[in-house]
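Sequence lines, in order, name chains A and B.
Note that the numbering used here has the first sequence beginning at 130, numbered continuously upward.
Note that the numbering used here has the second sequence beginning at 134, numbered continuously upward.
Hints should not be assumed to be uniformly reliable.
Straight-line distance between alpha carbons at most 20 Å, and here's what the computed EDC-like set of lysine to aspartate or glutamate pairs gives [said to hold, decoys possible]: (1) A:131 - B:409; (2) A:131 - B:259; (3) A:131 - B:402; (4) B:427 - A:225; (5) B:427 - A:247.
Chain A stretches covered by chain B per the calculated footprint, using a threshold of three residues with CB under 8 Å from any CB of chain B [as the list claims (entries may be wrong)]: (6) 130 to 136; (7) 151 to 162.
Honestly, the hints are just simulated from the structure, not real lab data.
Since we're looking at a predicted model, the values are computed, not measured.
Ideal placement from N, C-alpha and C gives every residue a C-beta, glycine not left out.
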Amino acid sequence: MKLNDIVMASDKAKGARPYFFDDPMSERVLNIAMAVATEVAVIRERLDTIERLLEAKGVLRQSEIEDFVPNDEQAEERQLWHARYVGRILRIVKQELDAVANPEDNKPMHQIADEINEM
Amino acid sequence: MGENKQNAIGYSLPPVWTKLKQHAVFPHFNHDERARYNFLTNLNRFLSAVIAPGVQTAYEQRVEPTFRAEHGRSFQNRHELRQAISRDAYYQLWAALRRCTMEMRQQNGRAVVLRQAEELAQRVEEILRGHEDILRLKPNFVVPAYLRHADNHLMPGSYHTEYFEGDVANAANYDSGLFVTSGGMLGSLTDGGGRAIAQWVRENYPDFKPKRILDVGCGLGHNTLPIAEAFPEAEVWAIDAGAPMLRYGAARAIALGIKNVRFVQMDAEDMSEFPDGYFDWVQTTMFLHETGGKAIHKIFKEIGRVLAPGGLTLHIEQPQYTPQMSYFEQFMRDWDAYYNAEPYWGHMHDLQPEDLMEEAGIPRANFMQVGVRAVNDLDKANGSQVREDYGRSPIWNVFGGWKPK
Ligand SMILES: C[S@@+](CC[C@H](N)C(=O)[O-])C[C@H]1O[C@@H](n2cnc3c(N)ncnc32)[C@H](O)[C@@H]1O
Numbered sequence: 130m131k132l133n134d135i136v137m138a139s140d141k142a143k144g145a146r147p148y149f150f151d152d153p154m155s156e157r158v159l160n161i162a163m164a165v166a167t168e169v170a171v172i173r174e175r176l177d178t179i180e181r182l183l184e185a186k187g188v189l190r191q192s193e194i195e196d197f198v199p200n201d202e203q204a205e206e207r208q209l210w211h212a213r214y215v216g217r218i219l220r221i222v223k224q225e226l227d228a229v230a231n232p233e234d235n236k237p238m239h240q241i242a243d244e245i246n247e248m
Numbered sequence: 134m135g136e137n138k139q140n141a142i143g144y145s146l147p148p149v150w151t152k153l154k155q156h157a158v159f160p161h162f163n164h165d166e167r168a169r170y171n172f173l174t175n176l177n178r179f180l181s182a183v184i185a186p187g188v189q190t191a192y193e194q195r196v197e198p199t200f201r202a203e204h205g206r207s208f209q210n211r212h213e214l215r216q217a218i219s220r221d222a223y224y225q226l227w228a229a230l231r232r233c234t235m236e237m238r239q240q241n242g243r244a245v246v247l248r249q250a251e252e253l254a255q256r257v258e259e260i261l262r263g264h265e266d267i268l269r270l271k272p273n274f275v276v277p278a279y280l281r282h283a284d285n286h287l288m289p290g291s292y293h294t295e296y297f298e299g300d301v302a303n304a305a306n307y308d309s310g311l312f313v314t315s316g317g318m319l320g321s322l323t324d325g326g327g328r329a330i331a332q333w334v335r336e337n338y339p340d341f342k343p344k345r346i347l348d349v350g351c352g353l354g355h356n357t358l359p360i361a362e363a364f365p366e367a368e369v370w371a372i373d374a375g376a377p378m379l380r381y382g383a384a385r386a387i388a389l390g391i392k393n394v395r396f397v398q399m400d401a402e403d404m405s406e407f408p409d410g411y412f413d414w415v416q417t418t419m420f421l422h423e424t425g426g427k428a429i430h431k432i433f434k435e436i437g438r439v440l441a442p443g444g445l446t447l448h449i450e451q452p453q454y455t456p457q458m459s460y461f462e463q464f465m466r467d468w469d470a471y472y473n474a475e476p477y478w479g480h481m482h483d484l485q486p487e488d489l490m491e492e493a494g495i496p497r498a499n500f501m502q503v504g505v506r507a508v509n510d511l512d513k514a515n516g517s518q519v520r521e522d523y524g525r526s527p528i529w530n531v532f533g534g535w536k537p538k
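Could you put together the complete structure from these sequences and hints?
Put into C-alpha cells, the structure is as follows:
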C-alpha cells in the first residue's frame with residue numbers, strides 16, 4: 130500500500146502540545162524558522178558535495194547552471210520536492226489541525242500520566 | 134568527522150549519520166535526507182553542549198533567588214520548581230528548541246520511511262522467508278492500554294501501529310533516527326547498551342552460562358543482539374508488544390547473522406506461555422519507564438516467576454530520583470516525561486528499585502545497582518568528554534540481582 134508521506138510525515142503525536150513561550154504564535158514561527166534552517170543546511174551540504182565532485186572531475190561551468198531550464202519530467206520532480214518541502218515547513222500548523230480534529234488524542238500529558246498510572 | 138572527538142577548538146562534534154551501519158533491512162536515505170539528519174544531530178549537540186547549561190545558570194541566578202525572595206524559602210519539590218522555571222525566558226527558549234528538534238526528528242524520519250514503506254515490508258518478508266520459526270505474531274494480540282494512550286517520545290503511532298498488513302515503517306523510523314537524538318553515542322548499530330551489559334556480565338560472572346535468556350520489551354532488538362552474540366550457546370527469547378518492531382527486528386537479526394534469537398509478540402504482564410523458572414537471565418533495557426503504574430508490578434511478578442532459582446535479572450534504566458539528587462536535576466530529568474511524551478518516566482523514577490526487585494523475588498541482600506557505560510564503536514577518542522544531557526547519557530543505571538537457589 131502506498132502511503133501519503135507528504136501529509137502523514139507531519140502527524141501529531143498524542144497529547145496536547147506544550148508551548149513554552151508566553152505567546153504560542155511566536156513559538157510556531159520559531160518552529161517554522163528552524164525547519165527552514167534545516168533546509169538551508171541540507172542545500173549547503175548538497176552543494177558542497179556537488180562542488181567537490183565537479184572540482185575533482187573538472188566538468189562544469191557556472192554559466193551552464195545559470196542557463197538551465199527543466200523539461201516537463203524534471204519540472205514535475207522539482208514540484209514534488211517543493212510539496213514535501215512545504216509539508217516539512219508547516220508541520221506545526223498541520224499538528225494544530227490534528228489537535229483540533231482529534232480532541233481525544235489531545236489530553237494534557239499530566240492527565241495521561243495519571244491515567245497511565247492507573248493502567 | 135567520524136567520532137565524538139574533541140577537536141582543536143575544544144568542541145566535540147557528533148559522528149556523521151552515515152556512520153550508522155546499513156544492514157539489509159535499513160531504510161534507504163537519499164543525500165538530502167542524510168544531510169537533514171546531520172543538521173539535526175548537530176542541532177541537538179549544540180543544544181545540549183552550549184544552550185542547556187545556561188538553563189542551570191538561569192535557574193541559579195534568577196529563578197531560585199526570585200522564588201526565595203517571594204516565598205522566604207527554596208523549592209520543596211521538582212513540581213514547584215517546574216512551575217517557576219516555566220516563566221523564565223531563557224528556559225522557554227531552550228525548551229521550545231528542544232521540543233522542536235524532537236518533532237523535526239520524527240517528521241524527517243517519517244518522511245523517509247513512509248515513502249518506501251511498501252519496499253521495506255517486502256524486503257522484510259523476503260528476508261524472513263525460510264526463517265518463519267524465529268518470528269511469532271498474534272493476530273488477536275491486544276496492545277497494552279497504556280501504549281495506546283500516548284505516543285512515546287512523540288513518535289506518532291508508537292511501536293504498534295501498522296499502516297497496512299506487514300508494515301514496518303515505525304520500526305524503520307525508530308532504527309534510523311535514534312542516532313540523531315542520542316548524538317551517535319550508542320554506536321554504529323545503536324546497540325551500546327546491550328554491548329555494555331553483555332560485557333559487564335561476562336567480566337563479572339565469567340562462570341555464568343545461561344541456557345535461556347529473555348529480553349522483555351525488546352523493541353527491534355537493538356540491545357538483544359549483542360547479548361545473543363556474547364552468549365551464542367544460549368537460546369534467546371525477545372518479546373515485545375509491537376508487531377512492526379518484532380517483524381523488523383527478526384529480519385534485522387537475520388541480516389546481521391544472529392541466529393539464536395526468536396521474536397515473539399507477548400504482553401509482559403502475562404507471560405503464561407513460559408513455564409515457571411524457564412529462564413536463567415531476564416533482561417529489560419530502557420523498557421520500564423515506558424510501561425504503566427499498575428502494569429510494572431504485574432511485569433515484575435511475571436519476571437520473578439519465569440526466572441529460574443539461581444538466575445539473574447538486570448534492568449537498564451535512567452537513574453531513580455533519590456533525596457540526594459537536586460530538585461533541579463530531577464526536574465531536568467523529568468523534562469521528557471512532560472515535554473517529550475514519556476508520561477510514565479516521572480512516576481517510574483519515584484519507585485524504589487529495591488522494592489521492584491523484591492516483587493520479582495530478589496531479596497534485598499541480593500540487590501545490586503551499578504553504572505555501566507555504553508560501548509560505542511564510534512567513540513574512538515575522548516568520547517567521555519561529551520556532556521551528559523539529562524536522560525540521554527551513555528552511562529546507564531543498571532539494577533537487578535540473583536534469585537536465591
Ligand atoms: C523504549 S523501547 C525499548 C526497546 C529495547 N529494549 C531497546 O533497548 O532498544 C520500549 C519497548 O517496550 C515495548 N513494551 C511496552 N510495554 C510492553 C508490554 N507490556 N509487553 C511487551 N512489550 C512492551 C514497546 O512496544 C517498545 O518496543
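Within 20 Å, alpha carbon to alpha carbon, are residue 131 of chain A and residue 402 of chain B? violated, 35 Å
Hint consistency between residue 427 of chain B and residue 225 of chain A [alpha-carbon to alpha-carbon, up to 20 Å]: Roughly 32 Å separates the two Cα atoms, so the pair is violated.
Taking 20 Å as the top limit, are the C-alpha atoms of residue 427 of chain B and residue 247 of chain A close enough? Roughly 6 Å between the alpha carbons, so the hint for residue 427 of chain B and residue 247 of chain A holds.
Examine the stretch 151 to 162 of chain A: at least three residues should have C-beta closer than 8 Å to a C-beta of chain B. With 4 residues in contact (Cβ-Cβ under 8 Å with chain B), the coverage given for the stretch 151 to 162 of chain A holds.
Next pair to validate is residue 131 of chain A with residue 409 of chain B; report whether the Cα-Cα distance is within 20 Å. violated, 45 Å
Would you say the stretch 130 to 136 of chain A counts as covered by chain B, given the rule of at least 3 residues with C-beta under 8 Å? Result for this restraint: holds, n = 5.
Run the distance test for residue 131 of chain A versus residue 259 of chain B: straight-line Cα separation, threshold 20 Å. holds, 19 Å
Checked against the numbered hints listed earlier, the structure breaks hints 1, 3, 4; every other hint is satisfied.
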